[in-house]
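Engineer: Chain X is already provided as a structure; the job is to place chain W on it using the hints.
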Amino acid sequence: MAVDFVTDDSAVQEALDSALRLSKADETEALVMGSEHALTRYTHNYIHESMVERNWQLSVRAAIGKRTGVASTNRLDAEGIASVVARAHEIASLAPEDADFPGLPDDATPCDDIPATYDEATAALPPQARADAVAQIVRVMRRHDIYAAGYVASRNDTIAVANSKGVRRTFRGSDSAINIKAIGETSSGYAEGYARRFTDLDPAALAEVAARKCVDGANPEVLSPGKYTAILEPAAFREFIGYLSWIAFGAQPLEQGSSFMSGKLGQKVMGDNVTIRDDFTQPQGLGMPFDFEGAPRWPVTLIERGVADDVVYDSYYAAKMHHVNTGHALPAPNAYGPLPLNLVVDPGVTSAAGLLAGVERGVLISRTWYIRLVDQQQTIITGMTRDGLFAIEDGRITHGLKNMRFNESIVEALGRCELASELVRSESHVLPAVRIEGFNFTSGTEF
Amino acid sequence: MCEVALEFEAEAQRALDTASAKGAAYADVRFGSTRDEHVEVRNGVVAGLSDSESSGFSVRALVDGAWGFASSALIEAGEIDRVSTLAVDIARASRAVQTQRIELDLAGKFIASYATPVQIDPSTVSTGERVAYLLDVDKEMRAVSGVTVSRAWIDIWHTRKSFASTEGSRIEQQLVQCGSALSALAVGAGDVQDRVHPGTGGLYQTGGYEVINDAKLLENARRVGEEAVALLTADQSPSGTADLVLSGDQMSLQIHESIGHALELDRVLGWEANFSGTSFATLDKLNTFRYGSDIVTVVCDMTCPKALATEGYDDEGTPATSVDLIRDGILVGYMAGRDTAAAAHVSCAGVVRAEYWGRLPMIRIGNVNLMPGTAASLDELFDGIKQGIYMESNRSWSIDDKRLNFQFGCQIGYEIKNGKRGRLLKNPTYAGMTPEFWASCDAIGDQSTWVAWGTPNCGKGEPLQTARSCQASSPARFRNVKVGVGYGG
Chain X
1 MAVDFVTDDS
11 AVQEALDSAL
21 RLSKADETEA
31 LVMGSEHALT
41 RYTHNYIHES
51 MVERNWQLSV
61 RAAIGKRTGV
71 ASTNRLDAEG
81 IASVVARAHE
91 IASLAPEDAD
101 FPGLPDDATP
111 CDDIPATYDE
121 ATAALPPQAR
131 ADAVAQIVRV
141 MRRHDIYAAG
151 YVASRNDTIA
161 VANSKGVRRT
171 FRGSDSAINI
181 KAIGETSSGY
191 AEGYARRFTD
201 LDPAALAEVA
211 ARKCVDGANP
221 EVLSPGKYTA
231 ILEPAAFREF
241 IGYLSWIAFG
251 AQPLEQGSSF
261 MSGKLGQKVM
271 GDNVTIRDDF
281 TQPQGLGMPF
291 DFEGAPRWPV
301 TLIERGVADD
311 VVYDSYYAAK
321 MHHVNTGHAL
331 PAPNAYGPLP
341 LNLVVDPGVT
351 SAAGLLAGVE
361 RGVLISRTWY
371 IRLVDQQQTI
381 ITGMTRDGLF
391 AIEDGRITHG
401 LKNMRFNESI
411 VEALGRCELA
421 SELVRSESHV
431 LPAVRIEGFN
441 FTSGTEF
Chain W
1001 MCEVALEFEA
1011 EAQRALDTAS
1021 AKGAAYADVR
1031 FGSTRDEHVE
1041 VRNGVVAGLS
1051 DSESSGFSVR
1061 ALVDGAWGFA
1071 SSALIEAGEI
1081 DRVSTLAVDI
1091 ARASRAVQTQ
1101 RIELDLAGKF
1111 IASYATPVQI
1121 DPSTVSTGER
1131 VAYLLDVDKE
1141 MRAVSGVTVS
1151 RAWIDIWHTR
1161 KSFASTEGSR
1171 IEQQLVQCGS
1181 ALSALAVGAG
1191 DVQDRVHPGT
1201 GGLYQTGGYE
1211 VINDAKLLEN
1221 ARRVGEEAVA
1231 LLTADQSPSG
1241 TADLVLSGDQ
1251 MSLQIHESIG
1261 HALELDRVLG
1271 WEANFSGTSF
1281 ATLDKLNTFR
1291 YGSDIVTVVC
1301 DMTCPKALAT
1311 EGYDDEGTPA
1321 TSVDLIRDGI
1331 LVGYMAGRDT
1341 AAAAHVSCAG
1351 VVRAEYWGRL
1361 PMIRIGNVNL
1371 MPGTAASLDE
1381 LFDGIKQGIY
1391 MESNRSWSID
1401 DKRLNFQFGC
1411 QIGYEIKNGK
1421 RGRLLKNPTY
1431 AGMTPEFWAS
1441 CDAIGDQSTW
1451 VAWGTPNCGK
1461 GEPLQTARSC
1471 QASSPARFRN
1481 VKVGVGYGG
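Taken in order, these protein sequences are the chains called X and W.
Residues in the first sequence are numbered from 1 upward in steps of one, following our numbering.
Residues in the second sequence are numbered from 1001 upward in steps of one, following our numbering.
Misleading hints may appear alongside valid ones.
One side only, chain X facing chain W, incomplete, derived with CB under 10 Å [what the hints assert, rightly or not]:
hint: 1; residue: Gly34
hint: 2; residue: Val84
hint: 3; residue: Gly103
hint: 4; residue: Asn407
In short, the hints are calculated from the structure, not lab data.
Note that beta-carbon positions come from the ideal geometry of N, C-alpha and C, so glycine has one too.
Looking at chain X on its own, in the form it has when it is part of the complex (with noise of 0.2 Å):
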């Protein structure tokens, strides 16, 4: 029978034990990551792709006094294992000494449990059942004579962390997703799903969705350059804040002085009715209890009604800059600094169709592309908007509109803002629909 890592809990201790037991460095740190994600993808209403990914890491960290060096390895056999902790002890003895590491982290008191986050069905979901779920989408695509693009797809995550000052953690995860681009002939559609159990998502009414955006949106017509009153649905709206979190809400950017939060912590930054979270026990959320070092995760403020709350941290910045560990690690070496990688952005008290409510002319934007930073410290971004942009006239949705570039300060747009009562998970992010005032479209294209 083979080992595997993904699924074979005592496998992973075992590695975990043994990388501990080999290592002669003052400090290691064993990290675990296995996987098994499977995704089929079609086109032109046929499977194209479809494909089961399986794969193991086993990372080591080592840490000689002040010193430290990483080596990972997917041999996890006895000469594999025992080849990384060596590495690592070696790259660990060439490095200069870092006089901010202040030790791996050795809170070792239990995480906070989320519920349900593993469904062995979805983890282990056959090829036929993603297919069947294609099947679905296509017969509502043929009955609007359109066709789809997009995908179909499951996962199954072990993470388990443990170092030699007596943390020890293990999560196991699954998730699901759809995705769908309803495509006709002068238009498109977007519709998108996630769920920890794939029988939470239903591809027919997905693809209805898109299938109508598509419909609705056939013979677009052009829109001038100008600013605009723009509600942005939850998957635009995630796309829109996501840099957020690479840009500002980490402890390394705030130390470095380029996040708009920089010299600005209870500063009033966004609107009153903005608050934005990092929060692992969302329910809806794709949270885990600790991060990559085996710290346990906390929930962090990191906007509060438009005030500049907090940033999150790892065990180094937490040392270096004061502040507790908020358990936002990601895997050892990274150039980047802790991360928020699940932000919930609090509702409004509008439901996603009143938004639409009092809008006298107005764009709708279901989905963005190609976001890239122009301006770090003005939170300036740009983006094209695809699958499915309307316009808005007299609080209702009347024609469809080709594609915009936006030119924006993220940070700006939220002091302009509405935000929708309903919560939508998004990726691993939790939000609501947005309407925005003002929002600045510099280009059009020919689609």
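Structural biologist: Relative to chain X, chain W alone:
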């Protein structure tokens, strides 16, 4: 090329036999191993020192015109049987939703090996020496008052791969790719400015440690630090319309986004529609569409020396070759794989590659090179510009999902006035529509200014895969381009 002994011959044959026995009309198997060494320093300390290795195999099976793919890290007989069977089962499941059959372009039977030409074996430069060098580079940057964060890094990637197919091919390859860069971040005056050398994110090429040496980090560290600090108080780059000269490394990304991705045949056929998108350069435009001015000639050359994507064969066993994409401004070709080539009746480009042994191979931008022109220097490109902007090294890049509407920002700019380089400009951006932009190209630097710029992290596919591509280019000049977008333009 020479005689080849496949490292996993018995295991490969077992996988192919199993897939065939289960019903595959065609199958291929790839065994691979990778080793990635990374050293990074940040503000005088080692921020990352890592050595990562990975090995395993994957099986791709075609059953009744449908693909199945499976991979595993465990190279054992039982696992080979399981994965080979799973690939066939996945393909069978895909038949349930099949309106088109996947067909394959004819391939030869290749029994061969390939190794990257290496002048300096990276293993002859110890990790300690690499660390010491980067610390020197870092110290040089931090000697500039006002540099807030200094970073420098070296990457060395070794890849070994063995390919076998039911058509009889057996191909063994050993690739070496190296890269390095430095970065100076300056924060002040209410602004953040970042400069990188060389190019946008470093110099990444196939080859040995000579690639690291060619980057000349130490020689450029102080200049780059000084530029980052000077940018904080530089004038804002203007908005409006201007003549534009782009550095070779910025041209590399312009080519990557507006030509490379647009001419991937899987995108053209709609196979990437949901994620990476499709392409405006549809099949009906082949051989007639004017993509750019008549000095614009672009080839995909998988044999190009030093270029980051160069290898002997791609991951479905197609030999490296050179395919014309744009000739004298006219669209004449695509980057195709065996299945897309059969669907569109074009030739394979040898560009079907996977991120590593465990990922599904797909069309990736290879070495998409803009052929050099005649301008001998930047000064010659500036000549004839009354009022314009020179932009260097990318800072942001965005383009629509059919590769038409783009907007790029660069790290640094200079005013061009009456043919001469003028004042420093910060936050330069430019925008346009792909065919109009390339039609406005009226001068390209010559061979002496041509560099094989590598892109080490191109994203595509679902699940997302990163790939290593190259876009060799010289600097070039464009007329009447929209500039300053993003800052009010």
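Engineer: Take the hints in turn and mark each one as holding or not.
Structural biologist: Status of each hint after checking the structure:
| no. | hint | in the structure |
| --- | --- | --- |
| 1 | Gly34 | holds (9 Å) |
| 2 | Val84 | holds (8 Å) |
| 3 | Gly103 | violated (15 Å) |
| 4 | Asn407 | holds (4 Å) |
Violated hint: 3 only; the structure is consistent with all others.
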